[in-house]
Amino acid sequence: MAPRPPRANLRAANQEVTSVTKRQIVILGGGTGGTMTANRLRRRFDEDEADIHVVDRDNRHVYQPGLLFVPFGLTQLDELVRPRRRQLRKGILFHESEVDSVALDQNAVVLSDGTELPYDVLVVASGARLQPEETEGMTDAGWNKHVFTFYSPEGAEALRGALERFQGGRLVVNLVDMPIKCPVAPLEFAFLADWHLRERGVRAGTELVYVTPLDSAFTKATCAEHLSFLLEDKEIELVTDFSAGEVDGASGKLVSYDERELDFDLLVTVPLHGGAAYVERSQGLGDALGFVPTDKATLQAAAKPNVFALGDATDLPTSKAGSVTHFEAEVLAENIGRFFAGEELEAGYDGHTNCFIETGFHKALLIDFNYDVEPLPGHFPAALGLPLLRESRVNHLGKLAFQWLYWHALLPGRDLPAIGPTMPTRGKEIPVNA
Amino acid sequence: MTMALIADSPVDVDAEGFMTSPEQWNEQIAEAIAAENGIAELTERHWLVVRFMRERYLETGNAPSIRSLGKESGVPVKELYQLFPKGPAKLAAKIGGIPKPKGCI
Numbered sequence: 000m001a002p003r004p005p006r007a008n009l010r011a012a013n014q015e016v017t018s019v020t021k022r023q024i025v026i027l028g029g030g031t032g033g034t035m036t037a038n039r040l041r042r043r044f045d046e047d048e049a050d051i052h053v054v055d056r057d058n059r060h061v062y063q064p065g066l067l068f069v070p071f072g073l074t075q076l077d078e079l080v081r082p083r084r085r086q087l088r089k090g091i092l093f094h095e096s097e098v099d100s101v102a103l104d105q106n107a108v109v110l111s112d113g114t115e116l117p118y119d120v121l122v123v124a125s126g127a128r129l130q131p132e133e134t135e136g137m138t139d140a141g142w143n144k145h146v147f148t149f150y151s152p153e154g155a156e157a158l159r160g161a162l163e164r165f166q167g168g169r170l171v172v173n174l175v176d177m178p179i180k181c182p183v184a185p186l187e188f189a190f191l192a193d194w195h196l197r198e199r200g201v202r203a204g205t206e207l208v209y210v211t212p213l214d215s216a217f218t219k220a221t222c223a224e225h226l227s228f229l230l231e232d233k234e235i236e237l238v239t240d241f242s243a244g245e246v247d248g249a250s251g252k253l254v255s256y257d258e259r260e261l262d263f264d265l266l267v268t269v270p271l272h273g274g275a276a277y278v279e280r281s282q283g284l285g286d287a288l289g290f291v292p293t294d295k296a297t298l299q300a301a302a303k304p305n306v307f308a309l310g311d312a313t314d315l316p317t318s319k320a321g322s323v324t325h326f327e328a329e330v331l332a333e334n335i336g337r338f339f340a341g342e343e344l345e346a347g348y349d350g351h352t353n354c355f356i357e358t359g360f361h362k363a364l365l366i367d368f369n370y371d372v373e374p375l376p377g378h379f380p381a382a383l384g385l386p387l388l389r390e391s392r393v394n395h396l397g398k399l400a401f402q403w404l405y406w407h408a409l410l411p412g413r414d415l416p417a418i419g420p421t422m423p424t425r426g427k428e429i430p431v432n433a
Numbered sequence: 000m001t002m003a004l005i006a007d008s009p010v011d012v013d014a015e016g017f018m019t020s021p022e023q024w025n026e027q028i029a030e031a032i033a034a035e036n037g038i039a040e041l042t043e044r045h046w047l048v049v050r051f052m053r054e055r056y057l058e059t060g061n062a063p064s065i066r067s068l069g070k071e072s073g074v075p076v077k078e079l080y081q082l083f084p085k086g087p088a089k090l091a092a093k094i095g096g097i098p099k100p101k102g103c104i
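Protein chains in written order, with numbering that gives the first Met the number 0: chain L, 0 to 433; chain P, 0 to 104.
You may find that some hints are simply not true.
Unchecked claim - Far from chain L, some chain P residues (derived; all Cβ distances over 10 angstroms):
id, residue
1, T19
2, E26
3, I38
4, L41
5, L47
6, S64
7, S67
8, K85
9, A88
What the hints assert, rightly or not - Below are the DMTMM-like pairs computed for lysine to aspartate or glutamate, each with C-alpha atoms no more than 25 angstroms apart in a straight line:
id, chain 1, residue 1, chain 2, residue 2
10, P, K85, L, D240
11, L, K144, L, E245
12, P, K70, L, E95
13, P, K101, L, E373
14, P, K101, L, E133
15, P, K99, L, D257
16, P, K77, L, D214
17, L, K219, L, E234
18, L, K180, L, E236
19, P, K101, L, E46
20, P, K85, L, D257
21, P, K99, P, E54
22, P, K70, L, E48
23, P, K101, L, D371
24, P, K77, L, E135
25, L, K295, L, E345
26, L, K219, P, E22
27, L, K144, L, E163
28, L, K303, L, E115
29, L, K252, L, E135
30, L, K303, L, E48
31, P, K99, P, D13
32, P, K99, L, E373
33, L, K252, L, E163
34, L, K295, L, E373
35, P, K101, L, E245
36, L, K362, L, E345
37, L, K303, P, E71
Unchecked claim - Estimated spans, in silico, between C-beta atoms of each pair:
id, chain 1, residue 1, chain 2, residue 2, range
38, P, E71, L, A102, 22 to 28 angstroms
39, L, T114, P, E58, 32 to 38 angstroms
40, P, Q81, L, E78, 31 to 37 angstroms
Honestly, the hints are just simulated from the structure, not real lab data.
Here a beta-carbon is modelled for each residue, glycine too, at the ideal position from N, C-alpha and C.
So here's chain L without its partners, still in its complex pose (with noise of 0.2 angstroms):
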């Protein structure tokens, strides 16, 4: 059979195209940001001029904030699971490896069974892990028997039936440290809590304390206002300032570096987070949690110009939240387009986030705010929209249609109408003096 010729020189014979080589791109991690940075990509370069891999440990994409359900039996674990594979669009390139280490000097990417992923430009996706293993006795005696978290499937899913053997007692909701990914979770946990226990008629017969490291559970000014009331409403205490070093799972207790104790019979705990244990591996990509510092609002890394992050896995200081993640997705692609091309870097993210929290009894909140204006009240994204910072019932639908929003929309890497990665001001009680 006679070879067939070189790509390049085929190429080279078509007078339009002036690059002889394709680009490697490689995005590591095929979670929220992997995937949406795959899909967009995936539609703004041709075939022929660029490769598009994602990489991967394993192939169960998970939707995260549906995990926060599972403990109160409103969700099962097999409806929040696809496989990734599936969420990447045709002609993207999908490796199924655990990442060894990124060489930033070679441009490549070692798997760790030695191949070689040389790349053009990196996307590090990679999320952030748990590390129970961080706090002193967390894993030991009591882990998954009254220790529990819901942060992982396995420990929500053994959470479930744990709730549901549970008679009262001191019920303990403990964030370690921050940060950590969704950083209301815990507090929508216990707000849940409060109606699972209510409806099994074992409230009365439960203390249930919420126990974080700052000093407030609601730390920023104008979500404080509006919503201190629902910790009195609900009945939950509040313990502040206690900096978790400690678990004793044997005898019920959780001790604080100050050496403060507080019994439980039950601990929901929301671990230390760090970042990927590839990036700790990797000369000068990561600090020394494991994030990747990166520039807020170009999304490049600091480490390199053609290394790019985002989603959990960088070190910005807003929430690790899917919002924050698909709000990057836009302005990371459109920065990757540029960078190839030559051009400045769009300084286009502006910290928008926006979530919803559930508040029990079919209601939540909505909250938007970005890295200078705090959570606002009003609706989003106009006058006519959800209302925010006031809880409702159309705000947990919300809630509970995105789940199919994000497997269809989101992750496919297609705009929202009216909802971009800079925050909208239409519609919010915008203060005078701001």
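Position chain P against the provided structure of chain L, taking the given hints into account.
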């Protein structure tokens, strides 16, 4: 936001006395805030934490958490609590002239 006079310098502060304009900070201000919060003298170990905190904030826009401080400042978490009783991250931020560490709501 209000104006306060700390160590003879006019500075912008929030309702809890955290400085909101880090560029107005100086070492005399740090000592005055420390004294007001029960730390009679800032030792080298205090300064190590305060400077780390401040530099990290100015670089990233994020005030480090207690855990990042414990991992990166060179001062272990237990000692942080001895140096800055009650809330090391909060108190070191206040002394370092940077805004209060916040959650998302």
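Original post:
Straight-line Cα separation of K99 of chain P and E54 of chain P no greater than 25 angstroms?
Top reply: With Cα atoms ~15 angstroms apart, K99 of chain P and E54 of chain P stay inside 25 angstroms; holds.
Original post:
Is K70 of chain P close enough to E48 of chain L, meaning Cα to Cα at most 25 angstroms?
Top reply: Outside the cut-off at roughly 43 angstroms; violated.
Subject >> Satisfaction of hint between E135 of chain L and K77 of chain P, Cα-Cα up to 25 angstroms >> reply: Cα-Cα ~13 angstroms, so holds.
**OP:** Measure nothing beyond the straight line between the CA atoms of K219 of chain L and E22 of chain P; if it is 25 angstroms or shorter, mark the hint as holding.
**Re:** Answer holds: K219 of chain L to E22 of chain P is near 23 angstroms, not above 25 angstroms.
Original post:
Can the restraint linking K70 of chain P and E95 of chain L be considered satisfied, given a maximum Cα separation of 25 angstroms?
Top reply: violated (32 angstroms)
Subject >> Beyond 10 angstroms from every chain L Cβ - status for S64 of chain P >> reply: violated (5 angstroms)
**OP:** Measure nothing beyond the straight line between the CA atoms of K99 of chain P and D257 of chain L; if it is 25 angstroms or shorter, mark the hint as holding.
**Re:** Cα-Cα ~20 angstroms, so holds.
Original post:
Does K101 of chain P pair with E133 of chain L here, judged by a C-alpha cut-off of 25 angstroms?
Top reply: The hint holds at about 22 angstroms.
Original post:
Beyond 10 angstroms from chain L, beta-carbon-wise, is K85 of chain P?
Top reply: violated (6 angstroms)
**OP:** Mind verifying the non-interface call on L41 of chain P? Its CB should be farther than 10 angstroms from each CB in chain L.
**Re:** holds (20 angstroms)
Subject >> Pairwise hint evaluation, E373 of chain L against K101 of chain P, where the allowed Cα distance is 25 angstroms at most >> reply: Holds. K101 of chain P to E373 of chain L sits at ~11 angstroms (cutoff 25 angstroms).
**OP:** Run the C-beta distances from T19 of chain P to all of chain L and say if the shortest one exceeds 10 angstroms.
**Re:** holds (12 angstroms)
The structure does not agree with the numbered hints 6, 7, 8, 9, 12, 19, 22, 36, 40 stated previously, though it agrees with the rest.
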